[in-house]
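Generate coordinates for the entire structure from the input sequences, incorporating the hints supplied.
Which chain is which? The protein sequence lines are R and C, in order. All letters in the first sequence, in the order written, are residues 0 to 340 by numbering that gives the first Met the number 0. All letters in the second sequence, in the order written, are residues 0 to 340 by numbering that gives the first Met the number 0.
Treat the hints loosely; a few may be bogus.
[To be verified] Covered stretches of chain R, as calculated for chain C (at least 3 residues, CB under 8 Å): (1) 87 to 95; (2) 122 to 132; (3) 295 to 305; (4) 309 to 321.
[Said to hold, decoys possible] A short list of chain R residues far from chain C (calculated; beta carbon distances all over 12 Å): (5) G156; (6) P225; (7) F260.
No wet-lab data here; the hints were simulated from the structure. Bear in mind that the values here come from a model prediction, so they are computed numbers and not experimental data. Heads up, the beta-carbon is just placed ideally off N, CA and C, and yes, glycines get one too.
2 protein chains.
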Amino acid sequence: MSIKQMGGQTVRLQSPPTAAAWAAVVGKLEGEGPLGQNFDFISEDSYFGEASWEKAESAMMKQCFSLACDKGQIAPSQLDYLFAGDLLNQCTGSAFALRDSDVPFFGLYGACSTMTESLSLAAMVVDGGFADAVCAATCSHFCSSERQFRFPLEYGGQRPPTAQWTVTGAGAVILTAGGSGPFITHITTGKIKDLGITDANNMGAAMAPGAYDTLKAHFADTGRGPGYYDAIFTGDLGVVGHQIVIDQFRKDGIELEGRYFDCGMLMFDREKQDVHTGGSGCGCAAATLCGYVLPRLQSGVWNRVLFAATGALMSPTSSQQGQSIPGICHAVAIETAIPAV
Amino acid sequence: MSIKQMGGQTVRLQSPPTAAAWAAVVGKLEGEGPLGQNFDFISEDSYFGEASWEKAESAMMKQCFSLACDKGQIAPSQLDYLFAGDLLNQCTGSAFALRDSDVPFFGLYGACSTMTESLSLAAMVVDGGFADAVCAATCSHFCSSERQFRFPLEYGGQRPPTAQWTVTGAGAVILTAGGSGPFITHITTGKIKDLGITDANNMGAAMAPGAYDTLKAHFADTGRGPGYYDAIFTGDLGVVGHQIVIDQFRKDGIELEGRYFDCGMLMFDREKQDVHTGGSGCGCAAATLCGYVLPRLQSGVWNRVLFAATGALMSPTSSQQGQSIPGICHAVAIETAIPAV
Numbered sequence: 000m001s002i003k004q005m006g007g008q009t010v011r012l013q014s015p016p017t018a019a020a021w022a023a024v025v026g027k028l029e030g031e032g033p034l035g036q037n038f039d040f041i042s043e044d045s046y047f048g049e050a051s052w053e054k055a056e057s058a059m060m061k062q063c064f065s066l067a068c069d070k071g072q073i074a075p076s077q078l079d080y081l082f083a084g085d086l087l088n089q090c091t092g093s094a095f096a097l098r099d100s101d102v103p104f105f106g107l108y109g110a111c112s113t114m115t116e117s118l119s120l121a122a123m124v125v126d127g128g129f130a131d132a133v134c135a136a137t138c139s140h141f142c143s144s145e146r147q148f149r150f151p152l153e154y155g156g157q158r159p160p161t162a163q164w165t166v167t168g169a170g171a172v173i174l175t176a177g178g179s180g181p182f183i184t185h186i187t188t189g190k191i192k193d194l195g196i197t198d199a200n201n202m203g204a205a206m207a208p209g210a211y212d213t214l215k216a217h218f219a220d221t222g223r224g225p226g227y228y229d230a231i232f233t234g235d236l237g238v239v240g241h242q243i244v245i246d247q248f249r250k251d252g253i254e255l256e257g258r259y260f261d262c263g264m265l266m267f268d269r270e271k272q273d274v275h276t277g278g279s280g281c282g283c284a285a286a287t288l289c290g291y292v293l294p295r296l297q298s299g300v301w302n303r304v305l306f307a308a309t310g311a312l313m314s315p316t317s318s319q320q321g322q323s324i325p326g327i328c329h330a331v332a333i334e335t336a337i338p339a340v
Numbered sequence: 000m001s002i003k004q005m006g007g008q009t010v011r012l013q014s015p016p017t018a019a020a021w022a023a024v025v026g027k028l029e030g031e032g033p034l035g036q037n038f039d040f041i042s043e044d045s046y047f048g049e050a051s052w053e054k055a056e057s058a059m060m061k062q063c064f065s066l067a068c069d070k071g072q073i074a075p076s077q078l079d080y081l082f083a084g085d086l087l088n089q090c091t092g093s094a095f096a097l098r099d100s101d102v103p104f105f106g107l108y109g110a111c112s113t114m115t116e117s118l119s120l121a122a123m124v125v126d127g128g129f130a131d132a133v134c135a136a137t138c139s140h141f142c143s144s145e146r147q148f149r150f151p152l153e154y155g156g157q158r159p160p161t162a163q164w165t166v167t168g169a170g171a172v173i174l175t176a177g178g179s180g181p182f183i184t185h186i187t188t189g190k191i192k193d194l195g196i197t198d199a200n201n202m203g204a205a206m207a208p209g210a211y212d213t214l215k216a217h218f219a220d221t222g223r224g225p226g227y228y229d230a231i232f233t234g235d236l237g238v239v240g241h242q243i244v245i246d247q248f249r250k251d252g253i254e255l256e257g258r259y260f261d262c263g264m265l266m267f268d269r270e271k272q273d274v275h276t277g278g279s280g281c282g283c284a285a286a287t288l289c290g291y292v293l294p295r296l297q298s299g300v301w302n303r304v305l306f307a308a309t310g311a312l313m314s315p316t317s318s319q320q321g322q323s324i325p326g327i328c329h330a331v332a333i334e335t336a337i338p339a340v
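Listed below in structure tokens is the structure:
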């Protein structure tokens with residue numbers, strides 16, 4: 000076992016990469032939410048100037064990638080790798096967005112966990128000495144997701160109270176070797192967890208076991224308790240899944256409340272915005288990370304954050320065939336100082 | 000720039016991981032082809048004992064993963080990570096296959112390039128000191144792919160001569176730190192290349208620019224010519240794409256013929272099997288690698304192989320919206336001895 004392996008599912012980066020720049024681009028509804036003032040760009044037009052929602056999603060992602068490069072004063076040609084994925088069939092949202100980037104490209108599919116899956120691999124590749132600068136990115140769009148996963152919007156389908164609202168948003172983080180932080184210090188990679196939930200309108204319940212499992216593994220592997228962190232985020236469990244995670248840890252005698260938040264709950268004002276149990280989609284965790292969490296690490300509001308995006312690895316076909324919904328969660332520790340070993 | 004970076008798109012592994020075990024599982028048609036005697040298991044039943052083709056694909060992948068572990072005498076619990084993906088929407092083929100494995104899971108989407116995308120990341124994670132043993136795997140199934148990408152099989156759609164035949168097959172490779180080889184020595188990660196091909200029945204032409212670009216980058220970055228290798232494989236360009244790559248290199252004054260093969264052409268006997276321009280699908284390169292290439296490296300028939308799987312990053316939706324087809328190709332050098340620096 001190498002000195003990077005902490006046992007279990009966690010690795011400690013020896014030369015933690017710096018989150019050198021990031022950007023978040025969202026749609027109008029997200030811009031009207033509680034985090035609205037944090038985003039780099041809010042589009043008033045859900046089509047982002049394009050002729051289809053799928054093309055809109057790619058345009059949003061492309062803009063977000065471009066903004067991250069601009070903010071970091073890093074040209075795409077200086078990037079060694081891109082790690083990106085999204086929810087659309089065959090991940091065309093990200094592939095079409097980045098096809099002209101001329102950067103070596105690793106396509107990922109982690110459903111709504113893609114932001115931390117991409118960050119995990121990006122950080123390992125930098126720490127492993129394979130790259131000096133890389134970008135991790137993901138996106139989702141409410142309209143393209145509804146069409147693909149549920150019903151055409153024109154149908155006006157009713158949504159049960161446990162349903163979530165796919166965020167129209169994109170996030171991109173540029174990691175560089177060295178730098179002055181915030182640093183990606185630890186990575187806990189999730190296992191697929193499937194406890195038999197078959198209701199595709201209750202993704203929070205389907206993903207909560209994965210989130211609980213990964214957070215528990217992270218605490219066990221690192222010897223850190225929740226109290227080590229200023230804030231812990233999952234995304235995107237919504238109200239239902241967030242409460243399940245709290246309840247599960249209470250059974251273990253561990254209290255998360257007060258420092259544990261869910262990106263799906265932060266993105267919208269559920270009193271004023273009709274999003275049921277909260278936001279979801281790759282873009283939810285991505286835009287929350289890039290618009291809200293990383294800036295607060297940079298400004299010193301927080302010094303230690305555990306960020307754990309969650310995904311549901313089902314498809315409409317698997318649900319139609321009666322399959323249950325496998326969930327997964329990948330966690331990354333982001334800290335303003337490199338902890339002593 | 001670290002000592003692992005060779006400039007351009009290629010990295011040289013400092014402690015090349017060993018391909019310690021592998022397995023290939025295929026369908027009946029593939030078993031009747033020229034490579035038939037090489038595979039670990041050939042299913043006479045296209046349903047693999049399941050009730051749907053999607054479930055069949057997962058069953059095949061699960062069997063392949065299990066066989067690779069058995070052959071390597073490595074329990075899944077000894078694996079640090081799994082890297083897997085497939086062609087199905089939301090990559091359910093691999094996620095459902097591996098959901099009970101209890102191994103930290105990175106889901107990938109590289110279309111038919113997934114075998115080398117997964118091998119690339121798996122090898123970097125081992126060489127980077129994050130893992131001692133990992134598995135890279137992928138699969139595709141003719142029937143689930145036809146239903147999803149083209150027409151229901153019952154429709155009996157006609158296929159043009161440039162069309163390819165999705166291979167029913169799975170491949171899994173276990174990489175370990177150290178070992179006695181075959182070693183993954185170099186990784187050249189592809190950029191997305193889109194030259195404007197819009198015909199979804201001519202994937203070979205759409206993917207050939209990506210293959211040419213990645214092979215060219217590999218030769219430039221490493222200083223190796225094609226003659227360094229005993230054999231060079233792309234997958235899955237078929238007859239049309241294979242010829243385009245040969246022609247492109249001829250324009251550069253480089254002759255590939257004689258040592259350059261395409262997995263899509265090797266998998267089937269195009270005289271006797273009605274597969275048009277050749278095989279395709281994630282499983283084509285994967286089963287060719289695990290059933291044909293790795294055994295020949297192990298037995299010493301070859302000592303140096305460049306293996307470059309190719310993927311088309313489109314979806315039915317992107318094609319319906321008139322988008323062209325982005326291609327990508329990731330190359331890995333596999334050698335029986337670690338070359339001197």
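Cross-check of the supplied hints:
1. 87 to 95: Coverage by chain C holds for the region 87 to 95 of chain R (7 residues, Cβ < 8 Å).
2. 122 to 132: holds (count 8)
3. 295 to 305: violated (count 0)
4. 309 to 321: holds (count 7)
5. G156: 20 Å, holds
6. P225: Holds: least Cβ distance 21 Å, greater than 12 Å.
7. F260: Check passes; 24 Å lies beyond 12 Å.
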